[in-house]
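J.: So the protein sequences, as listed, match chains Y and Z. Each residue of the first sequence is one higher than the one before, starting from 1 at the first, in UniProt numbering. Each residue of the second sequence is one higher than the one before, starting from 1 at the first, in UniProt numbering.
Source of the hints: derived by calculation from the structure; they are not laboratory data. Cβ coordinates follow ideal geometry from the N, Cα and C atoms, glycine included. There's no promise every hint is true.
Said to hold, decoys possible - Label-pair distances were calculated between CB atoms; the ranges are: (1) Y:E402 - Z:D344: 22 to 28 angstroms; (2) Y:S109 - Z:T279: 34 to 40 angstroms; (3) Z:D13 - Y:K208: 16 to 22 angstroms; (4) Z:D86 - Y:A218: 19 to 25 angstroms; (5) Z:I12 - Y:D86: 55 to 61 angstroms; (6) Z:N41 - Y:D86: 51 to 57 angstroms; (7) Y:G419 - Z:R85: 16 to 22 angstroms; (8) Y:E159 - Z:D67: 52 to 58 angstroms; (9) Y:A401 - Z:E319: 25 to 31 angstroms; (10) Z:E319 - Y:E49: 32 to 38 angstroms; (11) Z:D67 - Y:A401: 48 to 54 angstroms; (12) Y:P296 - Z:W110: 38 to 44 angstroms.
What the hints assert, rightly or not - Now the stretches of chain Y that chain Z is said to cover, found in silico as 3 or more residues with beta-carbon under 8 angstroms: (13) 11-21; (14) 98-110; (15) 124-131; (16) 140-147; (17) 358-371.
Protein chains: 2
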Amino acid sequence: MIQIRRLSSSDIDFQEELRSLLSFEISLDDEIDRTVIHILNQIRKYGDEALLELTRRFDNLDITRIDQVELPRNQWQSALEALSRDQREALEQAASHIHLYHEKQLAQSWDYVEPDGTRLGQKITALDRVGLYVPGGKAAYPSSVLMNAIPARVAGVNELIMVTPTPGGEKNPLVLAAAAICEVDRVFTIGGAQAIAALAYGTATIPKVDKIVGPGNAYVATAKRHVFGEVGIDMLAGPSEILVICDGKTDPDWIAMDLFSQAEHDEQAQSILLCPDETFLDTVAKSMARLINTLPRREVIRTSLENRGALIKVRDLEEACLIANRIAPEHLELSVDQPEQWVDSIRHAGAIFLGRYTCEALGDYCAGPNHVLPTSGTARFSSPLGVYDFQKRTSLIQVSAEGASRLGKIASILAKGEGLEAHARSAEFRYR
Amino acid sequence: MIQIRRLSSSDIDFQEELRSLLSFEISLDDEIDRTVIHILNQIRKYGDEALLELTRRFDNLDITRIDQVELPRNQWQSALEALSRDQREALEQAASHIHLYHEKQLAQSWDYVEPDGTRLGQKITALDRVGLYVPGGKAAYPSSVLMNAIPARVAGVNELIMVTPTPGGEKNPLVLAAAAICEVDRVFTIGGAQAIAALAYGTATIPKVDKIVGPGNAYVATAKRHVFGEVGIDMLAGPSEILVICDGKTDPDWIAMDLFSQAEHDEQAQSILLCPDETFLDTVAKSMARLINTLPRREVIRTSLENRGALIKVRDLEEACLIANRIAPEHLELSVDQPEQWVDSIRHAGAIFLGRYTCEALGDYCAGPNHVLPTSGTARFSSPLGVYDFQKRTSLIQVSAEGASRLGKIASILAKGEGLEAHARSAEFRYR
Numbered sequence: 001m002i003q004i005r006r007l008s009s010s011d012i013d014f015q016e017e018l019r020s021l022l023s024f025e026i027s028l029d030d031e032i033d034r035t036v037i038h039i040l041n042q043i044r045k046y047g048d049e050a051l052l053e054l055t056r057r058f059d060n061l062d063i064t065r066i067d068q069v070e071l072p073r074n075q076w077q078s079a080l081e082a083l084s085r086d087q088r089e090a091l092e093q094a095a096s097h098i099h100l101y102h103e104k105q106l107a108q109s110w111d112y113v114e115p116d117g118t119r120l121g122q123k124i125t126a127l128d129r130v131g132l133y134v135p136g137g138k139a140a141y142p143s144s145v146l147m148n149a150i151p152a153r154v155a156g157v158n159e160l161i162m163v164t165p166t167p168g169g170e171k172n173p174l175v176l177a178a179a180a181i182c183e184v185d186r187v188f189t190i191g192g193a194q195a196i197a198a199l200a201y202g203t204a205t206i207p208k209v210d211k212i213v214g215p216g217n218a219y220v221a222t223a224k225r226h227v228f229g230e231v232g233i234d235m236l237a238g239p240s241e242i243l244v245i246c247d248g249k250t251d252p253d254w255i256a257m258d259l260f261s262q263a264e265h266d267e268q269a270q271s272i273l274l275c276p277d278e279t280f281l282d283t284v285a286k287s288m289a290r291l292i293n294t295l296p297r298r299e300v301i302r303t304s305l306e307n308r309g310a311l312i313k314v315r316d317l318e319e320a321c322l323i324a325n326r327i328a329p330e331h332l333e334l335s336v337d338q339p340e341q342w343v344d345s346i347r348h349a350g351a352i353f354l355g356r357y358t359c360e361a362l363g364d365y366c367a368g369p370n371h372v373l374p375t376s377g378t379a380r381f382s383s384p385l386g387v388y389d390f391q392k393r394t395s396l397i398q399v400s401a402e403g404a405s406r407l408g409k410i411a412s413i414l415a416k417g418e419g420l421e422a423h424a425r426s427a428e429f430r431y432r
Numbered sequence: 001m002i003q004i005r006r007l008s009s010s011d012i013d014f015q016e017e018l019r020s021l022l023s024f025e026i027s028l029d030d031e032i033d034r035t036v037i038h039i040l041n042q043i044r045k046y047g048d049e050a051l052l053e054l055t056r057r058f059d060n061l062d063i064t065r066i067d068q069v070e071l072p073r074n075q076w077q078s079a080l081e082a083l084s085r086d087q088r089e090a091l092e093q094a095a096s097h098i099h100l101y102h103e104k105q106l107a108q109s110w111d112y113v114e115p116d117g118t119r120l121g122q123k124i125t126a127l128d129r130v131g132l133y134v135p136g137g138k139a140a141y142p143s144s145v146l147m148n149a150i151p152a153r154v155a156g157v158n159e160l161i162m163v164t165p166t167p168g169g170e171k172n173p174l175v176l177a178a179a180a181i182c183e184v185d186r187v188f189t190i191g192g193a194q195a196i197a198a199l200a201y202g203t204a205t206i207p208k209v210d211k212i213v214g215p216g217n218a219y220v221a222t223a224k225r226h227v228f229g230e231v232g233i234d235m236l237a238g239p240s241e242i243l244v245i246c247d248g249k250t251d252p253d254w255i256a257m258d259l260f261s262q263a264e265h266d267e268q269a270q271s272i273l274l275c276p277d278e279t280f281l282d283t284v285a286k287s288m289a290r291l292i293n294t295l296p297r298r299e300v301i302r303t304s305l306e307n308r309g310a311l312i313k314v315r316d317l318e319e320a321c322l323i324a325n326r327i328a329p330e331h332l333e334l335s336v337d338q339p340e341q342w343v344d345s346i347r348h349a350g351a352i353f354l355g356r357y358t359c360e361a362l363g364d365y366c367a368g369p370n371h372v373l374p375t376s377g378t379a380r381f382s383s384p385l386g387v388y389d390f391q392k393r394t395s396l397i398q399v400s401a402e403g404a405s406r407l408g409k410i411a412s413i414l415a416k417g418e419g420l421e422a423h424a425r426s427a428e429f430r431y432r
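Isolated chain Y (complex conformation) (with noise of 0.2 angstroms):
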């Protein structure tokens, strides 16, 4: 059996179970903290040699000339080659769903005309240049390759560098091959606080981008968020979590395989199932018990699981969805008949899944939205990841020689309540 927590709704404490249960503190750490200061001034005094220095030390790697940390272009394409066919069809079927999502995304300029000939609108253009952070060893994910670079180049960026660390000089194909398949433009093998900060600042060989997308360990958030306003960055991410919402009429080992999709990624993460049907959570609850021995990573489920898990019987789906919100949970499964009619009922995730056939996983990879999503219930004012994120707008004003003399008696009147007298008379120069 796994000891996975147990509540009600009706539970006198139960607003406080939830919280406790939701409660999860990104831990400040000191010592992680000055250890990415001091790296980030390294580079941005030095250079090229501290990341030189840096890389053959953190990442063992046996090299003299911080050019060889450029992959060339061959080898991605090569690595692509390399795959076998079904991992290449795979690989490029999802980029092209991904694609395809992401372009409805696309935002565009606008602009109108007052009466008086005043034209105002909005410019929208794509950032010029992305930094994509792609981490080693087991968390290096060739989903994450295509989740970071597509929405980038539908966006029209016009330059996308990938980092990605191998350690020990080990490099992982499938995220070389999801590279080609993206088409980035470079890709050098550079990892941690190092890559971060040799993104933000520039060195002589590594481009200073205006912005860094993609996950890391602690030392990248940490890095990336003290780098945050030289450069822009995503949002930094918390432990995954899933909230499953079901009527009790769903396949019980579809749901158990489900919570373990999530409780799968790490120790940390979270996995919740909501349902009015006492008798169903005791059913997922024996799914759960059968099925855990089947999988490679049942120590980590377990641990995540017991830690973090929850199975809670609500009074209805009403209820559910009040608790929902709530919540505001990274991914929601509505696995319940007719979902649609409980979506508006929704105000907080960051992806609904809908029906007993959409499990998280088919949105993870490859349904076409992103996997880049709010964590931790910033839902609640944040949203996937996507080609707004590298869009950006710039304001248009062209007012005409009679709107000035109308806005001008405006701006003239308020900037003097607010004391700004240089304010008042650039407008008043400008009246016919």
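Dock chain Z against the given chain Y, drawing on the hints supplied.
T.: Just chain Z, lined up with the frame of chain Y:
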């Protein structure tokens, strides 16, 4: 005379001079950081009790119960009714233009159905509750209330909570009148890091919000940086900047006053003029020398221009646009003939003001676009404040039975490639 820097793009060390001109270190003050963290923890632990104590101390307010910090609606309404007719009309007209422009930014939910019945889309929702910080004292700008509150209102934010300190009990009637015009929901007279903490964590009296927007001093900015993640925040603003590109044919007094209108904000503000005509730069310098003494904020203007301003001779307007992209200014005036022909050459700017009649002041107050704009070169990767900052997106994925087989096969192959067996099995369970 004003001792403003004169540069030429043909100077041998121009790139270095430009770099030095633009460099501005946001000093991370350890002392402020420690004070802010202490205040955040106090509010988190002791809620209203700490808020009362800190508000009494920092704002010198003689209150005994924390609910005394709520300003009832009739007080803002009276502030609006007490305005002069000119001021009221100016505020209302500005609000109406801002509203009209921001309505064009409203994003709509969308979806599409694939041939096998799989439906994909994105659902757009407004944030539930937003906190709006309005500084007290000299930087209390009613225009800032309009620019922050109206996009939230247009987005459909359900509840707008305004906080503004009233040191010694002194209230700013223009700010309150602006709050009445924007129909904010509640107003609390609290400020500083304690107000940010109260909004981010919630207390018995102050409702917890999902995002905090609005400008503030170093304590407020530091507090916002720390609570980011717990709630959303808007960008962290650096000093305000204007870049004017002029062909030398605009009235030099107009250009001088435009540069002043930026410089009068504060001593760190930056005003730069680019022009291919050296003589015109001389003329503008003469206009500045003559006009500065007519202005109440002349000391701020002088300090700002002498420390951070520049008049720069460029080769031609093409080169001016290249330099503009290098600077990525918050405000860019194109004071030239046929300004629209240059817009495509500008890739990075917060707002572009086209034509000789379009001074920045019109955009600051009432043309319609937002005056909260990316500073310090962050226009390379970020955008004006807008309705999109108060909306968020949720991916929608509804896979048909047929789609589950088609997509499941791709997901299974990719999941196995990443060593995530439970992901693969969760997809395989749904094969027909």
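J.: Decide, hint by hint, whether the structure agrees.
T.: Each hint, compared with the structure:
no.	hint	result
1	Y:E402 - Z:D344: 22 to 28 angstroms	26 angstroms, holds
2	Y:S109 - Z:T279: 34 to 40 angstroms	36 angstroms, holds
3	Z:D13 - Y:K208: 16 to 22 angstroms	20 angstroms, holds
4	Z:D86 - Y:A218: 19 to 25 angstroms	57 angstroms, violated
5	Z:I12 - Y:D86: 55 to 61 angstroms	60 angstroms, holds
6	Z:N41 - Y:D86: 51 to 57 angstroms	54 angstroms, holds
7	Y:G419 - Z:R85: 16 to 22 angstroms	20 angstroms, holds
8	Y:E159 - Z:D67: 52 to 58 angstroms	56 angstroms, holds
9	Y:A401 - Z:E319: 25 to 31 angstroms	29 angstroms, holds
10	Z:E319 - Y:E49: 32 to 38 angstroms	34 angstroms, holds
11	Z:D67 - Y:A401: 48 to 54 angstroms	53 angstroms, holds
12	Y:P296 - Z:W110: 38 to 44 angstroms	39 angstroms, holds
13	11-21	violated (count 0)
14	98-110	holds (count 4)
15	124-131	holds (count 3)
16	140-147	holds (count 3)
17	358-371	holds (count 13)
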